[in-house]
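Produce the complete structure using the sequences and hints provided.
Protein chains in written order, with numbering that gives the first Met the number 0: chain Y, 0 to 81; chain U, 0 to 81; chain L, 0 to 81; chain F, 0 to 81.
Hint data in this document are derived by calculation from the structure and do not stem from the laboratory.
Just so you know, nobody snuck in bad clues.
Calculated cross-link-like contacts (lysine-lysine; reagent style DSS-like; alpha-carbon spacing at most 27 Å):
{"id": "1", "chain 1": "L", "residue 1": "Lys2", "chain 2": "Y", "residue 2": "Lys50"}
{"id": "2", "chain 1": "U", "residue 1": "Lys50", "chain 2": "U", "residue 2": "Lys73"}
{"id": "3", "chain 1": "F", "residue 1": "Lys50", "chain 2": "F", "residue 2": "Lys2"}
{"id": "4", "chain 1": "U", "residue 1": "Lys50", "chain 2": "U", "residue 2": "Lys63"}
{"id": "5", "chain 1": "F", "residue 1": "Lys73", "chain 2": "L", "residue 2": "Lys73"}
{"id": "6", "chain 1": "L", "residue 1": "Lys50", "chain 2": "Y", "residue 2": "Lys2"}
{"id": "7", "chain 1": "L", "residue 1": "Lys50", "chain 2": "L", "residue 2": "Lys63"}
{"id": "8", "chain 1": "F", "residue 1": "Lys73", "chain 2": "L", "residue 2": "Lys80"}
{"id": "9", "chain 1": "L", "residue 1": "Lys63", "chain 2": "L", "residue 2": "Lys2"}
{"id": "10", "chain 1": "L", "residue 1": "Lys80", "chain 2": "F", "residue 2": "Lys80"}
{"id": "11", "chain 1": "Y", "residue 1": "Lys73", "chain 2": "U", "residue 2": "Lys80"}
{"id": "12", "chain 1": "U", "residue 1": "Lys80", "chain 2": "Y", "residue 2": "Lys80"}
{"id": "13", "chain 1": "L", "residue 1": "Lys73", "chain 2": "L", "residue 2": "Lys2"}
{"id": "14", "chain 1": "Y", "residue 1": "Lys50", "chain 2": "Y", "residue 2": "Lys63"}
{"id": "15", "chain 1": "Y", "residue 1": "Lys73", "chain 2": "Y", "residue 2": "Lys2"}
{"id": "16", "chain 1": "L", "residue 1": "Lys50", "chain 2": "L", "residue 2": "Lys80"}
{"id": "17", "chain 1": "Y", "residue 1": "Lys50", "chain 2": "Y", "residue 2": "Lys73"}
{"id": "18", "chain 1": "F", "residue 1": "Lys2", "chain 2": "U", "residue 2": "Lys50"}
{"id": "19", "chain 1": "Y", "residue 1": "Lys80", "chain 2": "U", "residue 2": "Lys73"}
{"id": "20", "chain 1": "F", "residue 1": "Lys50", "chain 2": "U", "residue 2": "Lys2"}
{"id": "21", "chain 1": "F", "residue 1": "Lys2", "chain 2": "F", "residue 2": "Lys63"}
{"id": "22", "chain 1": "U", "residue 1": "Lys2", "chain 2": "U", "residue 2": "Lys50"}
{"id": "23", "chain 1": "Y", "residue 1": "Lys2", "chain 2": "Y", "residue 2": "Lys63"}
{"id": "24", "chain 1": "F", "residue 1": "Lys50", "chain 2": "F", "residue 2": "Lys73"}
{"id": "25", "chain 1": "U", "residue 1": "Lys50", "chain 2": "F", "residue 2": "Lys50"}
{"id": "26", "chain 1": "L", "residue 1": "Lys73", "chain 2": "L", "residue 2": "Lys63"}
{"id": "27", "chain 1": "Y", "residue 1": "Lys50", "chain 2": "L", "residue 2": "Lys50"}
{"id": "28", "chain 1": "U", "residue 1": "Lys80", "chain 2": "U", "residue 2": "Lys50"}
{"id": "29", "chain 1": "Y", "residue 1": "Lys73", "chain 2": "U", "residue 2": "Lys73"}
{"id": "30", "chain 1": "Y", "residue 1": "Lys63", "chain 2": "Y", "residue 2": "Lys73"}
{"id": "31", "chain 1": "U", "residue 1": "Lys73", "chain 2": "U", "residue 2": "Lys2"}
{"id": "32", "chain 1": "F", "residue 1": "Lys80", "chain 2": "L", "residue 2": "Lys73"}
The structure presented is a predicted model; accordingly, all values stated were derived computationally and were not measured.
Number of protein chains: 4
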Amino acid sequence: MFKPEDNFLVGRFQFADFRTAWAFMTEVAFEAEAQQHHPNWENVYNQVVIKLTTHDAGNTVTEKDYALAAAIVKMAQKYLKV
Amino acid sequence: MFKPEDNFLVGRFQFADFRTAWAFMTEVAFEAEAQQHHPNWENVYNQVVIKLTTHDAGNTVTEKDYALAAAIVKMAQKYLKV
Amino acid sequence: MFKPEDNFLVGRFQFADFRTAWAFMTEVAFEAEAQQHHPNWENVYNQVVIKLTTHDAGNTVTEKDYALAAAIVKMAQKYLKV
Amino acid sequence: MFKPEDNFLVGRFQFADFRTAWAFMTEVAFEAEAQQHHPNWENVYNQVVIKLTTHDAGNTVTEKDYALAAAIVKMAQKYLKV
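Here it is as structure tokens:
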């Protein structure tokens with residue numbers, strides 16, 4: 000669900016409604032804090048675009064981005080299922 | 000998942016971890032606001048106890064509580080599945 | 000704090016940290032749901048950019064956007080104070 | 000704002016409304032995750048009761064509880080100010 004685009008690893012998600020998108024983002028927020036690696040993300044209604052890059056590595060995609068992307072994809076499953 | 004206990008309709012939920020419990024509660028919070036009917040609820044780690052009663056009806060269980068309980072049970076499904 | 004930019008009313012906010020930004024966004028999320036008017040917004044760490052437009056009015060800025068912007072500015076005060 | 004009661008350190012908070020209480024709780028949730036020390040807490044509308052105890056120390060109040068209580072009191076300030 001994540002693909003490299005320029006210097007970002009980009010994931011695009013669409014959920015049933017705004018609340019589901021928000022609950023998903025809240026769970027991702029905990030993971031971002033735990034990893035101290037915060038996404039550049041956008042939301043409008045049921046859509047979420049997550050762009051990952053490593054600021055400390057000159058805004059390139061690193062292992063940290065792949066690790067967070069993997070965690071996000073796993074979390075997204077339950078929100079996408081309904 | 001909800002049962003009458005004294006003057007409350009009580010639901011008890013257990014999730015995979017705190018974050019999942021919190022994401023679930025966040026989605027419930029939106030519904031509570033939408034219905035302007037707020038639960039009396041408790042959380043510790045992955046456990047959530049939700050007690051519903053209608054203050055304006057002398058703290059008895061009313062249709063409003065059954066409606067919110069039904070919405071909560073539906074929302075809980077995806078969080079419990081994992 | 001909001002200014003017209005192209006066909007959006009745009010607000011830019013910077014908070015103490017990610018958690019504060021997230022708590023602010025959570026409160027805004029409730030207002031967006033209550034008004035059934037959802038922002039196009041972006042977050043990275045402690046920064047939040049909120050872009051308001053009215054989809055049903057051909058993506059132009061309307062009274063609905065000014066109303067939501069006013070509510071957001073009011074909510075933002077306590078998060079910006081610290 | 001926190002006082003010892005039985006084997007808990009208990010804090011009681013009252014906010015302007017449900018949304019403010021929820022935003023506060025969301026910020027506390029991040030701190031609880033960061034410390035891996037989760038409160039036993041209750042909410043109804045604008046009221047929040049937080050009970051801290053250390054499970055691993057036979058449910059007695061320890062330094063971990065005082066540390067989390069101090070962080071919570073600091074966070075609560077901005078939500079209580081309005």
